[in-house]
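Respectively, the protein sequence lines represent chains A and B.
To convert, note that position 111 of the first sequence is 294 in this note's numbering; the numbers rise steadily by one, no gaps.
To convert, note that position 148 of the second sequence is 307 in this note's numbering; the numbers rise steadily by one, no gaps.
To be clear, the hints were calculated from the coordinates, so they are not data collected in a lab.
Predicted model, so just to flag it, every value in this text is computed and none were measured.
Every residue, glycine too, gets a C-beta built ideally from N, C-alpha and C.
Where hints are given, some of them may not hold.
[What the hints assert, rightly or not] Example chain A residues on the side facing chain B (calculated, C-beta under 7 Å, incomplete):
no.: 1; residue: 185
no.: 2; residue: 225
no.: 3; residue: 226
no.: 4; residue: 235
no.: 5; residue: 236
no.: 6; residue: 239
no.: 7; residue: 241
no.: 8; residue: 256
no.: 9; residue: 269
no.: 10; residue: 271
no.: 11; residue: 275
no.: 12; residue: 277
no.: 13; residue: 296
no.: 14; residue: 342
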Amino acid sequence: MNATLVALAAIFGQLSLLAFGGGNTILPEMQRQVVEVHHWMPASEFSALFALAQAAPGPNMMVVTLVGWHVAGWAGMLVTSIAKFGPSSLVTIAALHAWERFKDRPWRRIAQKGLVPVTAGLVAASAVLIAKASDPSWIAWAITGVCAVLAFRTKIHPLWLLGAGSLIGLTGFGQ
Amino acid sequence: MKHAISPPAAAGSGTDAGLATPSVRDLFLGFLGLGFTSFGGALPLARRTIVEQRRWLSASEFTDLLGLCQFLPGGNVINLSVALGMRFHGWRGALAGILGLIAGPSLVVIGLGVVYERTQNDPHVRHLFVGLAAAAAGLLVSMAAKIVLPLRREPAAAVVAALGFVAIAVLRTPLLPTMLVLTPVGIALAARAARKQGGSR
Chain A
184 MNATLVALAA IFGQLSLLAF GGGNTILPEM QRQVVEVHHW MPASEFSALF
234 ALAQAAPGPN MMVVTLVGWH VAGWAGMLVT SIAKFGPSSL VTIAALHAWE
284 RFKDRPWRRI AQKGLVPVTA GLVAASAVLI AKASDPSWIA WAITGVCAVL
334 AFRTKIHPLW LLGAGSLIGL TGFGQ
Chain B
160 MKHAISPPAA AGSGTDAGLA TPSVRDLFLG FLGLGFTSFG GALPLARRTI
210 VEQRRWLSAS EFTDLLGLCQ FLPGGNVINL SVALGMRFHG WRGALAGILG
260 LIAGPSLVVI GLGVVYERTQ NDPHVRHLFV GLAAAAAGLL VSMAAKIVLP
310 LRREPAAAVV AALGFVAIAV LRTPLLPTML VLTPVGIALA ARAARKQGGS
360 R
C-alpha cells in the first residue's frame, strides 16, 4: 500500500525469525532500522517507547506494537504486529509436530547451548545501547545503575523501580 | 493431524487426573487475563495460570512445552500461547491464544502512547520520561548481567558473546550477518564441549 508499511513488514518479519533467546536480543537491530536507517524517530524517542512498553503489562515485546503505531498509526500497528508475531508463530506450529521426535536428540541440546553466548552478547548490546540513549544526564545514569543493582540483587517488583525512577525524573533534579 | 501431540487428558501419565481441557473461548480468556495482569515479563505468571490455577498442563508438560518455545525464535510466552492453543484446538486455538495474549497489552500500550504524544512537550512529562526510561534501562542491564555472568567459567563462549557485543553495540553491524557468523561458531563450541565430555566419561 505504501512504502512505510512495506518497510515495517520487511523489518519486523525478519526480526521475528531472528529473535532467538527472546525479544531483547533484537532491540539493537530494531533501533538501528528505526533510528539510523529509516530516521523514523531519534534514539531518545525509541528509548522512551521502550520504557513505555516496559511499564505496560504483557509479554516484553510490546515495544514492537508501539513502534508500528508511532510510525504509521493503526495500519502501522497492525502490519508490525502481524509481521513480528506471525512468522515465529508459524515456526512454532511447524515445530510442535516434530518436537516429540527431536527434543531428546543430542543436536537439539547442542544447538540450544550454542545459542546461549550469542544471546548473551546481543542482550548485553541491547542494555548498553538503550542505556546510552536513555541517559542524557548523570542523574539518569545513577537511576539506571541503582535500578540495575536492585533488580539484580533483590526480588523487588520491576514496577516499583519504574515508578521510583519516574518520580525522581519528575522532580527535574539534575536535568 | 491437528493433534500431533495428544492432549494431556489422553496422555494419561497417572498424576494428570485433575487436568482440564480448555475450550477455544477458555484459551482466549485465559491468555487475555494473563496479558492484562503480567507486569515485568509474563513467564512466572504464565506458569502459575496454566499449571496451578487452570490446570491445562501438568508441571512436566509445561516445562517440556516451554523448552520448545525457548528453543525457537520469538518471545517465550507468545510461542507458548500459540503452542498450547494449537495443541488443544488446532489453528483456531493457536489464534485464540496469541490474540488473547497480545490484545490487552496492545491496547494499554497504545493508550500510553497517545498520552505520551499529547503531553511530550510538557517539561514535567519530559522529566518523568527521562526517569522512567532510565529505570527501564536499568532493568535491561540487570537482565543482561544475569545472562552474561554465568559465561565467566566458559572462556570460549565468553569470546563469542564479546564478539557479538562488539559487532552489535560498537560496530553497529546488522543482526542477520552477525548471527550467520556467530551462531555456527557458538554451536561448534557447544559440540566440541559435548564431545570432550563424552570422551572423558
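Hint by hint, work out which the structure violates, then give me just those numbers in ascending order.
-> 1, 2, 3, 8, 9, 12
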